[in-house]
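Enquirer: If you want the building blocks of each chain, they are given just below.
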Amino acid sequence: MEPVRRIHSKTVVIASSDIDTDQIIPARFLTTTTKEGLGKQLFADWRYQADGSPKREFVLNRPEAQGAQVLVAGRNFGCGSSREHAPWALLDYGFRAVISTEIADIFRGNSLKNGFLPIVVDEQTSQWLLHHPGAEVDIDLESTRVSLPTGASVSFPLESFARHCLLSGLDEFGFLRSKLAEIERFESTRHL
Amino acid sequence: MAPRTLFDKVWSAHEVVAETPNTPAVLYIDLHLVHEVTTPQAFSTLRKMGMPVRRPDLTLATMDHSTPTQTAQVFGTVPIKVDAAAKQVRQLEENAAEFGIELFNMRDARRGIVHVIGPELGSTQPGMTIVCGDSHTSTHGAFGALAFGIGTTEVGHVLATQALLQRKPKCLAVNVEGRLQAGVTAKDLILSIIGQIGVSGGTGHVLEYRGPGVQELSMEERMTVCNMSIEAGARAGMIAPDEVTFAYLEGRPRAPQGDAWEAAVMRWRKLFTDPDARFDAAVDIDAAAVEPMITYGTNPGMVVPIGRAIPDKGDEMFSKAMHYMGFRGGDEILGKPVDVVFIGSCTNGRLEDLQAAAKILEGRKIARGVRLLIVPGSQQIKHQAEKLGLAEIFKAAGADWRESGCSMCLGMNGDTVAAGQYSISTSNRNFEGRQGVGARTLLASPLTAAASAVKGAVADPREML
Chain X
2 MEPVRRIHSK TVVIASSDID TDQIIPARFL TTTTKEGLGK QLFADWRYQA
52 DGSPKREFVL NRPEAQGAQV LVAGRNFGCG SSREHAPWAL LDYGFRAVIS
102 TEIADIFRGN SLKNGFLPIV VDEQTSQWLL HHPGAEVDID LESTRVSLPT
152 GASVSFPLES FARHCLLSGL DEFGFLRSKL AEIERFESTR HL
Chain R
243 MAPRTLFDKV WSAHEVVAET PNTPAVLYID LHLVHEVTTP QAFSTLRKMG
293 MPVRRPDLTL ATMDHSTPTQ TAQVFGTVPI KVDAAAKQVR QLEENAAEFG
343 IELFNMRDAR RGIVHVIGPE LGSTQPGMTI VCGDSHTSTH GAFGALAFGI
393 GTTEVGHVLA TQALLQRKPK CLAVNVEGRL QAGVTAKDLI LSIIGQIGVS
443 GGTGHVLEYR GPGVQELSME ERMTVCNMSI EAGARAGMIA PDEVTFAYLE
493 GRPRAPQGDA WEAAVMRWRK LFTDPDARFD AAVDIDAAAV EPMITYGTNP
543 GMVVPIGRAI PDKGDEMFSK AMHYMGFRGG DEILGKPVDV VFIGSCTNGR
593 LEDLQAAAKI LEGRKIARGV RLLIVPGSQQ IKHQAEKLGL AEIFKAAGAD
643 WRESGCSMCL GMNGDTVAAG QYSISTSNRN FEGRQGVGAR TLLASPLTAA
693 ASAVKGAVAD PREML
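From first to last, the protein sequence lines stand for chains X and R. All the letters of the first sequence, read from the start, carry residue numbers 2 to 193 under our numbering. All the letters of the second sequence, read from the start, carry residue numbers 243 to 707 under our numbering.
What the hints contain is simulated information worked out from the structure, not anything from laboratory work. For each residue, glycine too, the CB sits at the ideal point set by N, CA and C. Please note that the accuracy of each hint is not assured.
[To be verified] With a Cα cut of at most 20 Å, we get these calculated EDC-like pairs of lysine to aspartate or glutamate:
{"hint": "1", "chain 1": "X", "residue 1": "Lys-180", "chain 2": "R", "residue 2": "Glu-257"}
{"hint": "2", "chain 1": "R", "residue 1": "Lys-290", "chain 2": "X", "residue 2": "Glu-37"}
{"hint": "3", "chain 1": "R", "residue 1": "Lys-323", "chain 2": "R", "residue 2": "Glu-335"}
{"hint": "4", "chain 1": "R", "residue 1": "Lys-512", "chain 2": "R", "residue 2": "Asp-250"}
[Stated by the list, open to error] Derived CB-CB ranges, DEER-like:
{"hint": "5", "chain 1": "X", "residue 1": "Gln-128", "chain 2": "R", "residue 2": "Gly-571", "range": "21 to 27 Å"}
{"hint": "6", "chain 1": "R", "residue 1": "Asp-554", "chain 2": "X", "residue 2": "Gln-128", "range": "22 to 28 Å"}
{"hint": "7", "chain 1": "X", "residue 1": "Ser-154", "chain 2": "R", "residue 2": "Arg-352", "range": "54 to 60 Å"}
{"hint": "8", "chain 1": "X", "residue 1": "Ser-148", "chain 2": "R", "residue 2": "Glu-419", "range": "45 to 51 Å"}
{"hint": "9", "chain 1": "R", "residue 1": "Glu-458", "chain 2": "X", "residue 2": "Ser-148", "range": "52 to 58 Å"}
Extracted from the complex, chain X is given alone in its bound form:
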């Protein structure tokens, strides 16, 4: 995995709370057997008309949203289904981070394993971001801080091991495999 140290980008805002993974990528697209190319289907039902043409009013179809790598969303982003297709689709589209006041457990874990950053900030910071779409933000993983154009800088929680893996481009799988001897010992000595 490529190391992730810093993301500097303008934001796109989807202010709804409780955006579930069925919205991020609807179930009918889960019949794929690869991870690639899911960006086209990101937010498909919000983004396209029934005939496949773009819905002009949806934020991702607006010119000012193009090139943004940071999504700002309402509370409880990524709830619902465990589909890892959700972070795959966000990454394939070009997003690298989401900022919200609360991020669902399974989605958060899936995101970190793919180098997509689930960033939880306080209500005040979130409100500022939700009301300033397009703002240039700076996410620094070394210091675990998000900086806003106002000069404000807030820290965000990030599990220490995930942070270490992201900064050094390590795959968590390598660490788990290094514990195989312990796993074998556990199997042979455990008494039910």
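Model the placement of chain R on the given structure of chain X, informed by the hints.
Expert: Then chain R, alone, in the frame of chain X:
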């Protein structure tokens, strides 16, 4: 030893390596359930790395999410209509064969929804850790197992190592007093709990459902409750095993037998929360006060007792949901017209659910213009329902009776609700587009669903019992 919760006991019994400030715990997994939709990429990773599945004997595969429910397609007399689904089914067959995993394929009499067949076979047992690439894995917690959904990367981790890297979650007690009234079901109880704590009220926590109101429930009812833990944001829900649990499991093909059974029950009897154990948080629910519940919005927390009007909230999320649903704050939900009724899913596709629906449908016909789809949770349940005459009741009432699978819960297999139509569904998610693009879903119990099919409108089942 300090008093511990049920969750603490199961967690610590599976810690291969304890967590430290810098590293997560290595947690051992006893049972890994596999289905066709969330695993192809994990098998590809293993293949690329030249790694075997480490414990195929602890891995069990079935097909459920994208599979057809029409008999001819299931048994191969006609091809599977959805091409991409047919490809996933073939790929799981190839992966299972290549990696030596037991698979219940399309024609197997033991096939069914992954969270229905685990318990049905007796593979799901108290005190186990159980994972699956599906968020409703929480269902298995009904047996006092620690069971949770994982993503595809983690599926690969478990296939390769039989373990996962995890931070220990917190634990929230859901104390249930009182007994459910007639016509009120476990589905209404869990919808009511989600309404109370909200769709993210359980985030970061494992829920333990406890108290006399939970002990009263059958195993199938407990599964319905634990199943929807994830709809409150909790990855897992647990219930301490008791005599009801042991009676359910005894004699099932994959449960321990003979002396091993006695030894297992002795062990399982220790799986309860110690009297003075501390929870990180707690909520109290009075089961006796729960009424039949129905959702009106686009997440399971937007729910009301069936006789109540839709609340009038001013926020943007509420307005967006009302616009999607075609409802308005203050509307009565009783009597709203219904186009489709779906009875099935890992939430409510078990035999007791079908028996409940049959109680309403026996000797009645569904309303003209309503489509009623009844999909059993497994092939074994289908067989039992046919033997008990339930299938005949359903067909006589005008229902479409199918082969098992996830079906219209998520519409991957072509069983969908058309745009703008109203569906009363016994499944677990009323998200926008969940049952089809533009479909409007109202979640309810099998009793409410069946009563609404008869009325052609949202109906209170208590009037028909």
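Enquirer: Hey, Lys-512 (chain R) versus Asp-250 (chain R), does the alpha-carbon distance stay inside 20 Å?
Expert: Between Lys-512 (chain R) and Asp-250 (chain R) the Cα gap is close to 12 Å, so the pair holds against 20 Å.
Enquirer: Would you say the C-beta atoms of Asp-554 (chain R) and Gln-128 (chain X) sit inside 22 to 28 Å of each other?
Expert: 24 Å, holds
Enquirer: Hinted pair, alpha-carbon criterion (20 Å max): Lys-180 (chain X), Glu-257 (chain R). Please report holds or violated.
Expert: 12 Å, holds
Enquirer: Does 21 to 27 Å hold as the CB distance between Gln-128 (chain X) and Gly-571 (chain R), or does it fail?
Expert: For Gln-128 (chain X) and Gly-571 (chain R) the Cβ distance comes to about 24 Å; the hint holds.
Enquirer: Given the range 45 to 51 Å, decide if the beta-carbon distance of Ser-148 (chain X) to Glu-419 (chain R) lies inside it.
Expert: 50 Å, holds
Enquirer: What's the verdict on Lys-323 (chain R) and Glu-335 (chain R), does the C-alpha distance respect the 20 Å limit or exceed it?
Expert: It holds: about 18 Å lies between the C-alpha atoms, which stays within 20 Å.
Enquirer: Can you confirm whether the C-alpha distance between Lys-290 (chain R) and Glu-37 (chain X) stays at or below 20 Å?
Expert: Between Lys-290 (chain R) and Glu-37 (chain X) the Cα gap is close to 16 Å, so the pair holds against 20 Å.
Enquirer: Ser-154 (chain X) and Arg-352 (chain R), beta-carbon distance inside 54 to 60 Å?
Expert: About 57 Å separates the Cβ atoms of Ser-154 (chain X) and Arg-352 (chain R), which means 54 to 60 Å holds.
Enquirer: Using the Cβ atoms, figure out if Glu-458 (chain R) sits within 52 to 58 Å of Ser-148 (chain X).
Expert: Since the Cβ atoms of Glu-458 (chain R) and Ser-148 (chain X) sit about 54 Å apart, the hinted range of 52 to 58 Å holds.
Checked against the numbered hints above, the structure breaks none of them.
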